[in-house]
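Q: Chains as they are written, first to last, in this note's numbering: chain A, 59 to 525; chain B, 59 to 525.
Derived from the structure by calculation, the hints contain no laboratory data.
Don't take every hint at face value.
Only part of the chain A face toward chain B is listed, based on derived beta-carbon distances under 10 Å [as the list claims (entries may be wrong)]:
no.	residue
1	Tyr78
2	Thr114
3	Ser118
4	Leu156
5	Leu193
6	Arg201
7	Pro204
8	Val217
9	Trp241
10	Leu330
11	Arg331
12	Glu345
13	His392
14	Glu430
15	Glu478
To give a feel for the contact side, a few chain A residues facing chain B, derived at Cβ under 10 Å [what the hints assert, rightly or not]:
no.	residue
16	Leu240
17	Leu436
18	Glu440
If you want the ones that stay clear, here's a sample from chain A, every Cβ over 12 Å from chain B, calculated [what the hints assert, rightly or not]:
no.	residue
19	Arg171
20	Asp205
21	Val207
22	Ala213
23	Ala239
24	Leu342
25	Glu472
26	Arg507
27	Arg508
We treat Cβ as the ideally placed atom computed from N, Cα and C, and that holds for glycine.
Protein chains: 2
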Amino acid sequence: MIGAGWAARFVLNGCDVRLYDPKPDAARVVAEVLENARSAYEQLTLAPLPAEGSLTLVDSLEEAVEGVDLVQESAPERLELKRDLLAAADRAADPDTLVCSSTSGLRPTELQREMRRPERFLVAHPFNPVYLLPLVELCGGARTAPDAVEQARNAFASVGMHPLVVRTEIDGFLADRLLEALWREALWLVRDEVATTAEIDDAIRYGAGLRWAFMGGEDGMRHFLRQFGPALAWPWTKLTDVPELTDELVEAIATQSDEQAGGTSVRELERLRDRVLVRFLQALRVEETGAGATLAAWERGLLVAGSPAETNGDAPLELHRRRVPADWIDYNGHVHESRYLQLFAEATDALLGGLGIDREYLAVGGSYFTVETHLSHLRQLEAGDRVHVTTQVLGSDEKRLHVFHVLFRDGEPEPLATAEQMLLHVDTTTGRAAPARDDLRRRVEELTRRHASVPRPERAGRAVGSR
Amino acid sequence: MIGAGWAARFVLNGCDVRLYDPKPDAARVVAEVLENARSAYEQLTLAPLPAEGSLTLVDSLEEAVEGVDLVQESAPERLELKRDLLAAADRAADPDTLVCSSTSGLRPTELQREMRRPERFLVAHPFNPVYLLPLVELCGGARTAPDAVEQARNAFASVGMHPLVVRTEIDGFLADRLLEALWREALWLVRDEVATTAEIDDAIRYGAGLRWAFMGGEDGMRHFLRQFGPALAWPWTKLTDVPELTDELVEAIATQSDEQAGGTSVRELERLRDRVLVRFLQALRVEETGAGATLAAWERGLLVAGSPAETNGDAPLELHRRRVPADWIDYNGHVHESRYLQLFAEATDALLGGLGIDREYLAVGGSYFTVETHLSHLRQLEAGDRVHVTTQVLGSDEKRLHVFHVLFRDGEPEPLATAEQMLLHVDTTTGRAAPARDDLRRRVEELTRRHASVPRPERAGRAVGSR
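Chain A with its partners taken away, still in its complex shape (with noise of 0.2 Å):
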């Protein structure tokens, strides 16, 4: 699962992967982490992702690193399995060839005892999914060298996680620290028949558990000092001890967790778990908060390195694609109206971000407002439709943009819905109508005159309620 979902997240940042898992099922595996990934990302971010890298499974592990940029070993927990791996890795590997370990809990100085290249080797552990949680400790041992360290932190934020260095070299490094510690606690719990799993998993997420994703307000060490600080010497805990995983602890735990999975099966508990880290992020991002700046940032990055506007001859543009996420649905099980709009505007966005308005553009005063939109709703979208958006200039002038899009469901030729839209060029420092920038008008003329001869569509001009 952490290999497949590390080539997953390369993939999607438009690196190229060569994957070597001896196991039987593995392309089958990855395929599916790849397809959920996929999905989390089209609902994750609107900036352009890059083309996606190619992804191959090859029969050695020789043949997967030679000639790579990095290496990333997701091997089981296991010191000797790892070690002659990564022995095994650098003699195949480039030089200069960067090699990381995922393991979450074994030390870089051992693992890196029997490599050549010591210098080139840091543990590298992300956590699951790793496609979409931004975090991986980065800890190197004795012989690793300093800039391997400092060129591992700018290959893994540049595909939008959050590296974190472990300065001091432990056991389990940080967050595998503090995880085993409440763990261990719960584990005590259960076994002294205080609450079962479900009871323990509740008092988590209905309470403190949500506020974890964040650590905001009075969360931190100060306020725990003065919260727990004297407590911490009454005797709450069983921690000077480690319980005794009997065949009776491990029964009682297996069954309390199968009642509370309630027969839905791991994948679509993934799927769950997937759409609400989703959402999770994207909460953060407005805040520019924890992930949230993570991802924050690496969608200016996506944003920067964007394609143009594609063109489409003299018919309407495609502009924009996208798939219908499942939180679009109102309470009359349908899509609200108020997100057709939304798909038409980022049609919009996307043919201003082709005409050449960009960060630079906004920057010094200039942008397009929408002063009148004309929907109409013809057919209903449903949860999980691929669509896109055709887009046709029916007319412009120094300041005028006037525009009609069409939304369609993938493959099929009648409309869903259509908005005609007044867009007005404002210089935002005085927020006055303004002539648009001269490089600027004249992309719009061009595109103004292309489209002439598309014919005009027949809702065009169109009053509510008229016929």
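Given the coordinates of chain A, assemble chain B onto it according to the supplied hints.
A: Same frame as chain A, now just chain B:
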């Protein structure tokens, strides 16, 4: 803070509250918390909140508890103090009043020792911010009556909480046992200078912390056993001992925490916390999982209790008011155009609700769908604006309903935007236009007749680009 949070949750759920707090700044603190809670609830739900309960600050404990249904003690965590307060409350309250304590760790059997009616006492331990986090741990002592626990469960569920009954009386109940284990490990990491408080926070909030709000996918005990079971025997943690809270350690933590806060005030951090929590709760509601299921259940209760749409003589109806939330701002720094349509659609929903389209009507297969909208954008909304929408019926027949909405900033005569909409009544079982049910049709006719004397809006009947 906890007492003020309780007051806010009860008041916003329509309960009258009497609050006794001897601290001189109590009135200011509770007013600030209530204002934050109001702002959070406005963004949390579109369901009709009940009229606020009253909030009265009183001068004695006796005055606070006399004749109330529920007493909620939230004094500092000192056993003697709480025991005395609870005994005094017990003497002054009615015999059937429920008496609860917010203690995060003291045992109910100890707390109820001096009470005359210990059977009516239990612990109800909430989490900050009390008005947003749904968890409340309920724990009775040796002399608590089982039906007091049941009664408390219903009372707290009715104000939107998730009561978790702790079946075995232990110090720290469930949540704080788990929290303390986590923080204790964190304290060791700071004391040993392995990591700073900021690095520890990052190890949580960029990774597993994002999942703890819902514990979806492979979270939970079974996965833990698979991943950590064998490692439990490894000597990772230093949990066998309590780190001594020396002056140096306290100072180091305080300094690191201040650096993290970077000069942001506590109130500001609290507002950020609330905004993020609101979005998390909404994200979870979409999936009706965890705290989102609690929110959905609470909203369904509010909808049933909701009042019918107000009428306004023969003038346009004023059906919808709200504040523009901060996350409606797009990359231009303005409110995204689709949000204007969302406001108008919310006004349409309020109109339809007022006309009698309720859950029962929808269930038998009738509803109005929007088929056309003409929007005019006249002036710009800003984040934080308080706005309202007026709604005028321009015409109707047995299937069609033609309305005109105008959006205003409160207190200003100039409109911000207008929307003309044509709605069509649909039989949702066939998906075809069909006449409205007789009782609905009569109310539509009555409203259309009343609005016939209202002047027709200047922008009605307008097509895009016409003058």
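Q: Evaluate each hint against the coordinates.
A: Quick rundown of the hints versus the structure:
Here the hint on Tyr78/A is broken, as its CB sits about 23 Å from the closest CB of chain B, past 10 Å. At about 27 Å, the closest approach between the beta carbon of Thr114/A and any beta carbon in chain B exceeds 10 Å, and the interface hint on this residue is violated. Because the smallest distance between the Cβ of Ser118/A and any Cβ of chain B comes to about 28 Å, over 10 Å, the interface hint for this residue is violated. At a threshold of 10 Å, the smallest CB-CB gap from Leu156/A to chain B is about 21 Å, leaving the interface hint violated.
Interface hint at Leu193/A: satisfied, since its Cβ lies 3 Å from the closest Cβ of chain B, which is below the 10 Å cut-off. About 20 Å separates the beta-carbon of Arg201/A from the nearest beta-carbon of chain B, more than 10 Å, and the hint is not met. At a threshold of 10 Å, the smallest CB-CB gap from Pro204/A to chain B is about 18 Å, leaving the interface hint violated. Because the beta carbon of Val217/A sits about 14 Å from the nearest beta carbon in chain B, more than 10 Å, this interface hint is broken.
Hint on Trp241/A holds. Least Cβ distance to chain B is approximately 5 Å, under the 10 Å limit. Given hint, Leu330/A at the interface with chain B, holds; its Cβ is 5 Å from that chain's nearest Cβ, closer than 10 Å. A cut of 10 Å between beta carbons decides the hint on Arg331/A: the least distance to chain B is about 3 Å, and the hint holds. A distance limit of 10 Å between C-beta atoms decides the matter here; for Glu345/A the minimum to chain B is near 6 Å, and the interface restraint holds.
Checking His392/A against chain B: minimum C-beta separation of about 8 Å stays under 10 Å; hint holds. This hint holds: Glu430/A has a C-beta 5 Å from the nearest C-beta of chain B, less than the 10 Å allowed. Taking 10 Å as the C-beta cut-off, the interface hint given for Glu478/A holds, the closest approach to chain B being about 4 Å. Residue-level restraint check for Leu240/A holds (minimum Cβ-Cβ distance to chain B is 5 Å; threshold 10 Å).
The criterion of a C-beta within 10 Å of any C-beta in chain B is met by Leu436/A, whose closest approach is roughly 8 Å, and the hint holds. Because the beta carbon of Glu440/A sits about 12 Å from the nearest beta carbon in chain B, more than 10 Å, this interface hint is broken. Against chain B, the non-interface label of Arg171/A holds: every CB pair exceeds 12 Å, the least being about 19 Å. Residue-level check passed: Asp205/A sits 21 Å from the nearest beta carbon of chain B, beyond 12 Å.
With a least CB separation of 15 Å from chain B, Val207/A remains clear of the 12 Å interface cut-off, as annotated. In this structure Ala213/A is separated from chain B by more than 12 Å, as the shortest Cβ-Cβ distance comes to about 17 Å. With a closest Cβ-Cβ approach of about 4 Å to chain B, Ala239/A is found to fall inside the 12 Å limit, against its non-interface label. The claim that Leu342/A is not at the interface with chain B is violated, since a C-beta of that chain comes within 12 Å of its own (minimum 6 Å).
Against the 12 Å criterion, Glu472/A stays outside the reach of chain B, whose nearest CB is about 14 Å from its own CB. The Cβ of Arg507/A lies farther than 12 Å from every Cβ of chain B, with a closest approach of about 19 Å, so its non-interface assignment holds. Distance check for Arg508/A against chain B: the nearest CB is about 20 Å away, which clears 12 Å, and the non-interface claim stands.
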